[in-house]
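Listed below are the residues making up each chain.
Number of protein chains: 2
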Amino acid sequence: MNEQELAALVAKIVQEQMGNTTSVASPSGDMVPVGVSNRHIHLSQEDFEVLFGKGATMTHLKDLSQPGQFACKEVMTIVGPGGAIERVRLLGPARKQTQVEVSVADCFKLGIQAPLRDSGDLAGSAPITIVGPKGTVTAPEGCIIAVKHIHMHTSDAARLGLKDKDKVNVQTCTERGLIFLEVLVRVSDKFKLEMHVDMDEANAASLKNGDMVKILGKS
Amino acid sequence: MNEQELAALVAKIVQEQMGNTTSVASPSGDMVPVGVSNRHIHLSQEDFEVLFGKGATMTHLKDLSQPGQFACKEVMTIVGPGGAIERVRLLGPARKQTQVEVSVADCFKLGIQAPLRDSGDLAGSAPITIVGPKGTVTAPEGCIIAVKHIHMHTSDAARLGLKDKDKVNVQTCTERGLIFLEVLVRVSDKFKLEMHVDMDEANAASLKNGDMVKILGKS
Numbered sequence: 001m002n003e004q005e006l007a008a009l010v011a012k013i014v015q016e017q018m019g020n021t022t023s024v025a026s027p028s029g030d031m032v033p034v035g036v037s038n039r040h041i042h043l044s045q046e047d048f049e050v051l052f053g054k055g056a057t058m059t060h061l062k063d064l065s066q067p068g069q070f071a072c073k074e075v076m077t078i079v080g081p082g083g084a085i086e087r088v089r090l091l092g093p094a095r096k097q098t099q100v101e102v103s104v105a106d107c108f109k110l111g112i113q114a115p116l117r118d119s120g121d122l123a124g125s126a127p128i129t130i131v132g133p134k135g136t137v138t139a140p141e142g143c144i145i146a147v148k149h150i151h152m153h154t155s156d157a158a159r160l161g162l163k164d165k166d167k168v169n170v171q172t173c174t175e176r177g178l179i180f181l182e183v184l185v186r187v188s189d190k191f192k193l194e195m196h197v198d199m200d201e202a203n204a205a206s207l208k209n210g211d212m213v214k215i216l217g218k219s
Numbered sequence: 001m002n003e004q005e006l007a008a009l010v011a012k013i014v015q016e017q018m019g020n021t022t023s024v025a026s027p028s029g030d031m032v033p034v035g036v037s038n039r040h041i042h043l044s045q046e047d048f049e050v051l052f053g054k055g056a057t058m059t060h061l062k063d064l065s066q067p068g069q070f071a072c073k074e075v076m077t078i079v080g081p082g083g084a085i086e087r088v089r090l091l092g093p094a095r096k097q098t099q100v101e102v103s104v105a106d107c108f109k110l111g112i113q114a115p116l117r118d119s120g121d122l123a124g125s126a127p128i129t130i131v132g133p134k135g136t137v138t139a140p141e142g143c144i145i146a147v148k149h150i151h152m153h154t155s156d157a158a159r160l161g162l163k164d165k166d167k168v169n170v171q172t173c174t175e176r177g178l179i180f181l182e183v184l185v186r187v188s189d190k191f192k193l194e195m196h197v198d199m200d201e202a203n204a205a206s207l208k209n210g211d212m213v214k215i216l217g218k219s
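Protein chains in written order, with the numbering used here: chain A, 1 to 219; chain B, 1 to 219.
Just so you know, these hints were derived from the structure itself, not from any lab.
Among the hints, erroneous ones may be present.
As the list claims (entries may be wrong) - Not the full set, but computed from the structure, chain B residues with beta-carbon under 10 Å of chain A: (1) Pro67; (2) Gly177; (3) Asp200.
Note that the structure is predicted; figures quoted are calculated from it, not measured.
Where is the CB? At the ideal position from N, CA and C, for every residue including glycine.
Whole structure, please, built from the sequences with the hints as guidance.
Following this line, the structure appears as structure tokens:
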């Protein structure tokens, strides 16, 4: 099969897979709900106390979909050489290392070049300054653009024939239809099935919290 | 072939088509350069004169890639019920009807719900207020999010076996790989081959001006 025939076949199969792309997808075994991540901050306990005062504790605002994770009442200003973004929310609980997750659009505003990274993979990532009511933290690294990923409980992974760190192609069922390629799968007994995208990705695909997307198969 | 086999085949073919997704794509017949459209304004001559003064003429700043189109020195503030965005650039020449093109992110800031539309298809689109140095225009409609599209010269269309208003699937060759589904093709003797995406789409795919994307085939 030559390249042109392959391309035609892809188009045909994608079309068959898509059906009516503007309708809400019917739930099936390989459908995954979407969670849209706005810019946010994870803090080490040490950095939290620098920003909010010695002995301060994180204030629970609401639970997030991933078990044990929660949004806090605390917000901060993040600053780069090009500008600042105010009211960036803290997510709890405390982590070993402070991590700021932003979008490409945010990077333009901050004047930084944060790398695309998995959560926790911070070596050599962008420097960022965080300003709180009681102090300022200047992290030499810790600012990233999180790669899109699917959180998956071990039982979901078994059902779908996937394992931790697999990559899959995922199709939206929205007005702005697209296929995300090479979406990272993270599997744990502590995870709940959900695909996380950032604001740029959500906007580009017209995705909102709770929309369903479809796993097409391994990349 | 059942759905699961189809999905596996899509993944396999997409993978074969992709090759190394982080490398710059090698130019070939079905590659198209990308133009990233930031928010911008097209004005009718009448509205231009309300905003910039009776008898004013548009000031050429630089040519755009599409023949006859140019960016102007003039910038304006656009305003919705939720907020304003300053320094939005005018594109010339004058059009029959004033049209403001924004992104989903811009809509959040402006507090409006602009529809996804082809350029020129403005009936029932979002209201928007435009403030210039000499006056203000409140358009009852005219604000849209432009659907991604490919401008194509008639000779390109013939070579690619496409016609005006066809839809194609288009794959990026970037770090954030994805396939845009149902991309509108516009064909004219006045067009130069180029795919236009907005800032949200560019950010979601790590696309910059001049990056090459690949037409996979008709949707």
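| said: Are any of the numbered hints broken by this structure? If so, which, sorted upward? | reply: When the structure is compared with the hints, only number 1 turns out to be violated.
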